[in-house]
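Participant: So the sequences go chain by chain: W and V. Going by our numbering, the letters in the first sequence line up with residues 165 to 467, in that order. Going by our numbering, the letters in the second sequence line up with residues 3 to 565, in that order.
Read the hints as simulated data drawn from the structure, not as lab findings. From the three backbone atoms N, C-alpha and C, an ideal C-beta is built for every residue, glycine too. There's no promise every hint is true.
[To be verified] Derived EDC-like pairs (lysine to aspartate or glutamate); straight-line CA-CA distance at most 20 angstroms:
no.	chain 1	residue 1	chain 2	residue 2
1	V	Lys473	W	Glu218
2	W	Lys389	W	Glu366
3	V	Lys510	W	Asp442
[Claimed, not checked] Residues from chain V that keep clear of chain W, each with C-beta distances beyond 10 angstroms, as calculated:
no.	residue
4	Leu59
5	Ala72
6	Gly113
7	Asp151
8	Lys400
9	Phe540
Okay, here's what each chain looks like letter by letter:
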Amino acid sequence: MTFVYLIVFGFAATAALGLVTSWIDRKVTARVQYRVGPPFLQPFIDIVKLLGKETVIPAGASRGTFLMAPVIGLAGVVAAATLFWVNQFFEGGFMGDWIVAIYLLTVPSLSIILGGFASRNPLASLGASREMKLVMAYELPFILATLVPVIWAGDLSISGIIENQSDGITAGHLSGIIALIVALLCVQAKLALVPFDIPEAETEIVEGPLVEYSGPGLAVFRLMKNMLLFTLPFFLIILFFGGMRLNGINILWTLLEYVGIVALITVIRNTNPRVRIDQAVRFFWGPMTVLATAAVVLALNGI
Amino acid sequence: MKYLIDALKNPGGYFASTPLSVVCAVFAAMFFVFTVVYSFRHMSGRKGLWRYYIYILATFLATLGILFSANFLLLLVLWGFLGLMLYLLIGFGREEGTPESARKSLAIIGGTDVLLLLGIVLIWSIRYGSTGLPGFLRLPFAGMGIQLDTTGSVIAYLCLASAAFAKAGAMPFHTWLPDTARDAPVPVTAFLPASLDKLLGIYFLARVTLEVFVMTPAMNTVLMALGSVTIMAAVMMALVQHDLKRLLGYHAVSQVGYMVLGIGTGNPVGIAGALFHMFNNTIYKSSLFLAGGEVERRTGTSDLARLGGLVKAMPMVFAAFLIASLSISGVPPFNGFASKWMLYQGVISGGGTLWVVWLVAAMLGSALTLASFMKLVHSVFLGQPSQISREVIESREKTGFFTILPLAVLSLLCIGLGVIAWKIPFADYFRPGVGGELHMPGIWQSGPATLVLLAGLVIGYLIYLSGSIRKARIVAPFIGGETLEKNPDMRVSGVDFYRTIREIGILKVIYRLAEKKLFDLYEVLQKIAAGFGIVFSFMHNGILSRYLLWFVIGLAVLCIVLI
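Isolated chain V, as found in the complex:
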């Protein structure tokens, strides 16, 4: 506390502003406003709302503090505070698994906070250990240039990177994210894991990678490999999910992979692409979560099998969801494509000998993303309406203004940032501390390309006008003479669209292992801990004879050793 007061009294030594942190702060402020506005309606009727808004405000202020802190210890304190806020905010969820998810996220994020502390201590001892200056409390968060040539420095880097990975949700510290997405209230998910945590995690990773350490090719390869694995594994898991929010949660993981991959390339284009992608991701991901939240509020479920055909009930929400889906899948000319494209440029020129592998993983990842979002679009908004959807459509409730406003702004940003992508001054904003020109081997002129696409739309429209489009007739769908309404079993919910993929060769084995949570660090550690527990409870069963047995064995061992 004293430390924080000192920090506020002498801001010079503790706070500093870079162009990147300013942009991040602007985005954070935007998401803060949207979350509050959206929560008016979505959270109404829950208990303890004043605490909820205080937590949201505290989260926002702590985020600003982290973005502008020039000092490792201040950052560490606020970082830990954010983890706690997330824990408290998840607690507002009403799902069955909420307490468990909150615990899990606190354990993973808190655990990596310890690693962060360890990393900071290591940095201090590497850099200033012999002189004791400038004092551990004032360890600056910039301009270190530590070489990754000793074991200590590598461990320090890995510790800091783990903290960033856990916050952003990259593998192997991702497992709290899908659970949180499923159980936490939607505005919380949209605010923290989908936007602020991404901004902070990737911001921190970029600063650490570029300003604190000097990267080696080996470490870059590690980052790129982690990024590619994150992209592919998370999207494969997302394909087979059957819960709207959990599916989105897996995509929140998958997209981090792109950012880690971009930062791992170590060249200016790749890093600028990664940071651009970070901003784009926060835009479309919050849009997706907010749209999904509205669906959940209206229908009371996020189970994909019980949704469908909701476009008639909420056309605006559908439009926002579709735009965000196309953005996240990287369909030109939306913003997701612009940043992915930049990232690919970075991978091609800075990916090392294995660049083809990273490139193909990233490009295939985006095709799979498209696939899983098409499934969502079908199961939630299009396709044949379920019983619940019919009731919602018949209720004729309008989507509220406070829901539409954030979605509309975010959708416009998705299109706008994509179309003017080539005019954005990347050099100034998305290039923290990296020198050198932004050299792009490829070409993407988003402006002219958008014009061509628009021209295509106009041509299509003209063809329509020349036809009979204006006197369209509405007829029941043709299903070989059957009527859909009389045969509810004929409804295709779309949940199992990709079961075919799951049953193929080696994928079958991997999916089965993943469902046993074998790749979940938290669960595995929990099992190991439980294993210790069994041993201890066997030893300390509270019965005198067993303690006596240990006593005798111990005596025997002592005798043998001493003799």
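So that you can see chain W by itself, here it is in the shape it has in the complex:
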């Protein structure tokens, strides 16, 4: 029973915080562009509205795969978020470790790719293939950068990484700062936000893999993306800032860290043009990997 409770909590809390984060993102974007921005409840209203819209399935597509894809992605985010929540608030490791987290966090991308491929639409095929290339590109620096906290903690488990930072966070070291920068840019690509929104590229391939989605399917994908918008910064906080600390003044710090990460992501997305996919691959396999490798080497030497 506790288990069901945990999952429902994991889902509900993540969804709520994800929607709030999405509102922050949209509000900041609007302010940057001298607009007023949406009201607080707008992300939530959007999803409810989408649920009421008609479901349209492309002719000749695999109906099962097309409708299953968003759900698979949602399951991936729910699992990843539950993994983080449980290890954040309970003593002792549970369910999985750093490796599991990395693998679970690729499931949402996988679901977008599958959904795009199942749409029977050339634009979706193109967009999904770009998403796949993006995954290949950022995975290398992302693994290396998130390895730095593991090396500092000397422990693979999420709870171990959190506990071992109680006397000094990873971001307090030089290697930690470098790794944080790399990981942040990888998160930008994981969220497919500008400058790495190549898979969706509205102006050229009309939302790519999502082009055929409407109604509930799109609602689930939206929800999944909003939940990721919370889960990924949460993962970064766990890895680099010792998790959420909810005692006394630390609440303020945690909040600051979280809002800081989200604001950085939003600012990057509002001040950059979209790059091409080959530029993105070069960027991640080139400078980012070099930086991340340097961070790992520094961390192994205790700097």
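Go by the hints and put chain V onto chain W.
Facilitator: Just chain V, lined up with the frame of chain W:
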């Protein structure tokens, strides 16, 4: 022959059973049954089928013999016999390059059989050379504990390891595998290179590494480096393939890298992970080959550019293919993830100073595997249907029961072994001769994690139910107002999805060299041999004047030397 009869008369000195060989034998039997069942339909209409089934049976029996042999020479004889059987079975292929591929695999496997013999002789001379006991013919295959401190023992180990590498298809002896996968009949590929050869090669490598020799850190590093290179190089090649079977063949190579890497870690978790991965790999790899074979049988081609959209024609095959793809890419909670995870644990605790390198190679390798399988899923089953696919879809032929049965069982195994992974008694089965507790630094509770994932699926389903999902409308795909059917050129086949990767920096050079077969030992040796041939044919051109010239030169040299 006399030797084999002697072996059958006195099984005590020749056969022995370990838990590992029993599990391997169970798997071999399962694949034997599946191959025969699948072949009913797939091979029907070909000539000489009775020979085909006899070869398959002989292969199976020889495999059992190897798994239970306690004697090096018996093993060597059966090992060579298997190589021959593979050669004969490839001959049933109908592709253009079949004879060439069969020759290539025979040359590589036969060549390493010679190395195996050399290694066995060396072991005998190291261990019993001075006393002559217990006789070369009865050299036991266990409990040797030879130290890798002399040149002889290192060479002996490398010889035995090469034989295992060639059989399993690890680098640098892998090159027969993609060619065989392309040209041999699919059940043969699924039976030998994808499952039995993997079982045998890795089983042999594990036994040799753990029971015959005492590993040194240096040798472990060599193994881990070979494993990592195999993973990365093979998967990079797989990314740019445009033939379904050949692409799968490269993955058959890439996955061996994980096993070699795991055995190279030299610690119990890594080795147990490697052996677990070996079993998982045989499951999903045969599933992939069998599903691919069905596609090929129905469409008559394995060229990815001419396939696509087949999910409508064979939904069950697609489901099996997708499950196997997710397993091989290590998506939790499938079995491929469970064994990869164990392997990573081994690499982290036993990988030496370079553990980060091996770990990143293995983890990135699995992301690239996912990429190349997504390409396959798109180009074969999803995406926009090609002309051939349309005809197949319109023919409305049902997938046969004998095709579905193996695929269904293998898919269930992919899920089942992944979900109950943490309950499997690794200590008993996947730990040949290694002592010590299985210490796992990380956590992977596949049971609860699966429950969470299922809960996520349920939540998604509930959200769907609250929407308009039940009255869905079917509309032509939106391509800016164009119609797909009227514009066949707009079809994205997916073959060139990863051309971008190929064009990047140094990768461009490497790919070009690989396409010139510069990394193919067989081809390089062939070129060298051809080079000798040119020299000899220049010398022996059959014309008297040139022989006379050599004669005079030889005389002159003799005179100079003698004077």
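Participant: If a hint holds in the structure, say so; if it doesn't, say that too.
Facilitator: Now for the hints, and whether the structure bears them out:
1. In summary, the hint linking V/Lys473 to W/Glu218 is supported, as the alpha carbons are separated by about 8 angstroms, within the 20 angstroms threshold.
2. Restraint check for W/Lys389 and W/Glu366: satisfied, since their Cα atoms lie roughly 16 angstroms apart, inside the 20 angstroms limit.
3. Between V/Lys510 and W/Asp442 the CA atoms are separated by roughly 13 angstroms; this keeps the pair inside 20 angstroms, and the hint holds.
4. Remark: the non-interface label on V/Leu59 is consistent with the geometry, its nearest Cβ contact in chain W lying 39 angstroms away (cut-off 10 angstroms).
5. At roughly 38 angstroms from the closest C-beta of chain W, the C-beta of V/Ala72 stays outside 10 angstroms, upholding its exclusion from the interface.
6. Every C-beta of chain W lies more than 10 angstroms from that of V/Gly113, the closest at about 36 angstroms, which supports listing it as non-interface.
7. Look at V/Asp151: its CB is around 30 angstroms from the nearest CB on chain W, clear of 10 angstroms, so calling it non-interface holds up.
8. Residue-level check passed: V/Lys400 sits 17 angstroms from the nearest beta carbon of chain W, beyond 10 angstroms.
9. Chain W leaves V/Phe540 outside its interface by the beta-carbon criterion, the shortest separation being 48 angstroms against a cut-off of 10 angstroms.
Every hint from the earlier list agrees with this structure, and none is contradicted.
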